[in-house]
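Asker: Now for the letters of each chain:
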Amino acid sequence: MSIQLGVFFQGVNFSTVWSHPDSGSQTEFESFRRLIETAERGLFTAFFLGEGLRLREHLGALHALDVAGRPDAFTQLAALAAITRDIGLVATQNTTYNDPVDLAHRLQSLDLLSGGRAAWNVVTTDNAWTGENFRRGGYLDHSDRYSHAADVIAIARRVWDSRDPAGIAVDRQAPQWGAAPAPFQYDTGYYSVDASGSLPRSPQEHPVLFQAGDSGEGRDFAARHAEVIFSAHNTFEAARDFAHDIRARTVAAGRPADDLKIFPGQEFIIADTLAEVDDKVRWVRENQVTPATALAFVEQLWGTSLDGHDPDGDLPSFDPVQAETGETRGAGFRAAKALETATAWRALAETKKLSLRELVIEIGTRRGFAGTADSIADELIPFSEQHVVDGFNVSPWLVPTGLDDIVNKLVPAMQERGIYWTEYPGETLRENLGLRAPLTRRGGAGVQTPTAAAPEPADAHG
Amino acid sequence: MGERTALGVLFRVLEMSTSPFAVIVDIDGAGSHPAAWRHADAEPGELLSAAWVSANVSAAERAGVTAVTFSDHPLPPRDVDGPTARLDAVLQASFTAPLTSALGLIPVVHGLYTEPFHLATQTATVDTASLGRAGVLIEGDEDPRIAARHGREPLPARLVAEELTDVVEAIRRLWDTWEGDAVIRDVSTGRFFDPAKVHYADFEGHRFSVRGPAILPRSPQGQLPVFSAHSGIGADVVLVDAPLDASLGAVREARAAHPADTRVILELETALDRAGQTGAERVAALDEHAVWAGSGRARYVGNAEGLARILVSLTDVVDGVRIRPAVLGHDLDELARAVLPRLRDVGVFRSPLVGSTLRESLGLGATVNRFAEVSR
Ligand SMILES: Cc1cc2nc3c(=O)[nH]c(=O)nc-3n(C[C@H](O)[C@H](O)[C@H](O)COP(=O)(O)O)c2cc1C
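Protein chains in written order, with our numbering: chain C, 14 to 475; chain E, 615 to 990.
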């Protein structure tokens, strides 16, 4: 079975090395062009953009150490649609600070402009800090984030299902081009909308729905609504356990187990010879975790400035000044118990004889694959044979050349082993992913059809 | 046009360096005539396709017009003969950015019920992707059905101008939040950007506030040219709707109501003679299906030479026109073939140059970053 590949252009975090001479702009169009053309040459399934609607802060000031700056996802993907033919275009968009009808219409526009290659990675970021950039402010209860997201998706599907394509004139003598679809109403509990979709469906009918969110609630949400789940579980055991869990939840939601495809995030560090692997990994890690980044990482837990502290020395001898970490820095850290975590870090540093910076490299960087193209391709065989993933979402650590080794070396090695396709199998993203029709557009027996009008399972509204 | 002396032509050419005459073409479905789709060079169902969008925009670039606008409205057209749907205008502009290299790209956005933060990022993204060729045309319609589409409270008509003024100011502040040289990649301090050169927008409007900074660094133009038909909201370019014979007065009125450096552009519907048919015959044939109602807007129906004469005379009055062709492909072809060359011949119009920004094509001056000033 072919493992698929996507590329995740995250636009934040220290995993992107910006100090290398080959590191290009994070926002200029040429960087995106270079990256997506390489991905398409490597027969990648999809190109992903992350979303963050507020510039990150650290200890009350702008966080300046990592790459920063991102285009609007749908807008950027529309430009990329014009220069590509096969690759899917996935926009991360949260359900809290985007207006559902507007979001659905823009996404459907992208789907038409790209000939059926658009997708939406549904995320539920809801903090009031992000809300300070928006009219509604921080209006949503965190516990309602997924029930609200379900409402937003239901509205989007109503928009996409509004237009009966058979109603559009087939010749220029018809009585009219086509009547406007009837409006619908929907109350989310936070606001109600009264609107109508207007565009016809694309060749893939609906944009593909991705989900990224890892809580039990997030996984159940994916099992009910999504078609691809983007996770962080990328080692073999973690991916296998995650796949078991997700497939069970999908079946419990009344869908076939393979209705939800699994794409963990992944990182590859490829060296020419096995002897060079360790050096290359060390080089990448040291450029990801600069001395300043290592201190900032620890400051995040300690809750105070460590200015003057030696990053190559030990962890601070005093205890964190906060009880819990804040939520704005991002996943992994949210509401961590500071003293408990600090104690664990100290123990790990002690056992493994790690400096502060080495510790941050140990716990703060991704568990990816490192090796030669052949050794990595060998390691990937069980992922394919045991079908613990459908694909990986690659985060290149260098922009825009970070896919070159993967496409030039790893892809051919995977193809030789029969675990990577040699041409795109379909014309749309939905076809390339091997997905069925959208959930609201399945007739026939055997598959539950949760139409837009059907009530949510009772727990969805909390 | 023989009446123009050589000296007059020279004077015009010199004057153009400060205020060039802009010819902008609106891209909307099959054209501005409600039955245009019946004569379009595309099947009815293809009017909402990438191929149709790129065909028209490429034709506009080949014609050498200054810019195109992409019409849009939050409510799909109802009860009309023609298309009852449009592709999102910002996405059309962005889609055509890599397919063009000199043409200005100006999407219509709706300002009243959308998020200013998103509008700022979306339009700056088009500017970045087009290497500085984006503008934005801000519309504001208080129709309560648009409020309902966004799940918001309807705005009373008397507050529209106030709200749009706030929206324009919020967007402009966001566009300035990153100074042009904020990304420093300084290995010695480990800093990717210089936090002293990235600013909070801290906009407090009547009904919303925006903290900022923008999530996208400064775009090539920084401040995109802002167009609007609404008076006094802080636009760089004001669009004026008036019948041709009243246009002089309307333009004067618009100039009097705005700062001296505001550009004024006249809206102009056109149907030209083409392929052995007069403009009037073409309109009459379409009018059998749906009447092209006069909207109090300037309209020219006739031959190319006549339109060229009108445009030449308008160059003394306005800073440009936005042409709404009756049938997109056909009238745009005639414009390219027989109108624009006449304007070029007498030196009143220049096509935008590859590599120039829309601000440059419009003759708008350089801008000063409002935040950089206070931080120095
Ligand atoms: C692999 C992965 C990628 C994510 N990318 C984004 C992103 O780009 N933007 C965002 O706002 N949230 C992102 N998230 C956060 C989730 O969307 C989600 O909102 C958050 O994790 C809270 O949901 P949870 O409690 O179910 O995890 C991502 C999460 C995961 C697991």
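In case anyone wonders, no lab produced these hints; they're calculated from the structure.
Don't take every hint at face value.
Stated by the list, open to error - The following label-pair restraints were derived from C-beta to C-beta distances:
| id | chain 1 | residue 1 | chain 2 | residue 2 | range |
| --- | --- | --- | --- | --- | --- |
| 1 | C | Arg149 | E | Pro873 | 47 to 53 angstroms |
| 2 | C | Arg449 | E | Asp855 | 48 to 54 angstroms |
| 3 | C | Ala187 | E | Ala980 | 47 to 53 angstroms |
| 4 | E | Asp800 | C | Ala179 | 22 to 28 angstroms |
| 5 | C | Thr354 | E | Asp755 | 49 to 55 angstroms |
What the hints assert, rightly or not - Stretches of chain E that chain C covers, calculated by requiring three or more beta carbons in the stretch to come under 8 angstroms of a beta carbon on chain C:
| id | segment |
| --- | --- |
| 6 | 640 to 653 |
| 7 | 696 to 710 |
| 8 | 779 to 787 |
| 9 | 797 to 803 |
| 10 | 864 to 872 |
| 11 | 980 to 986 |
Just so you know, even glycine gets a beta-carbon here, dropped at the ideal spot from N, CA and C.
Asker: The structure should be examined with respect to each hint, and the outcome stated for every one.
Answerer: Do the hints match the structure? See the list:
1. The supplied range of 47 to 53 angstroms is broken by Arg149/C and Pro873/E, whose beta-carbon atoms lie about 34 angstroms from each other.
2. For Arg449/C paired with Asp855/E, a C-beta distance near 50 angstroms keeps the hint of 48 to 54 angstroms intact.
3. The given range of 47 to 53 angstroms is respected by Ala187/C and Ala980/E, whose C-beta atoms sit roughly 52 angstroms from each other.
4. As the Cβ distance of Asp800/E to Ala179/C is approximately 60 angstroms, the hint placing it in 22 to 28 angstroms is violated.
5. For Thr354/C and Asp755/E, the hinted distance range of 49 to 55 angstroms is satisfied, since their beta carbons lie about 53 angstroms from each other.
6. For the segment 640 to 653 of chain E, the stated coverage by chain C is satisfied: 3 residues place a CB nearer than 8 angstroms to a CB of that chain, which reaches the threshold of 3.
7. Residues of the segment 696 to 710 of chain E with a Cβ under 8 angstroms from some Cβ of chain C number 13, which satisfies the need for three, so the listed coverage holds.
8. Only when three residues or more bring their CB closer than 8 angstroms to a CB of chain C does the claim for the segment 779 to 787 of chain E stand; here the count is 0, and the claim is violated.
9. Counting residues of the segment 797 to 803 of chain E whose beta carbon lies closer than 8 angstroms to any beta carbon of chain C gives 4, which reaches the threshold of three, so the coverage claim holds.
10. Judged by the Cβ-Cβ criterion of 8 angstroms, the segment 864 to 872 of chain E is not covered by chain C as claimed, because only 0 of its residues qualify and three are needed.
11. Against chain C, the segment 980 to 986 of chain E contributes 0 residues with a C-beta closer than 8 angstroms to a partner C-beta. That does not satisfy the three-residue criterion, and the hint is violated.
Hint check: violations occur at hints 1, 4, 8, 10 and 11; the rest are consistent with the structure.
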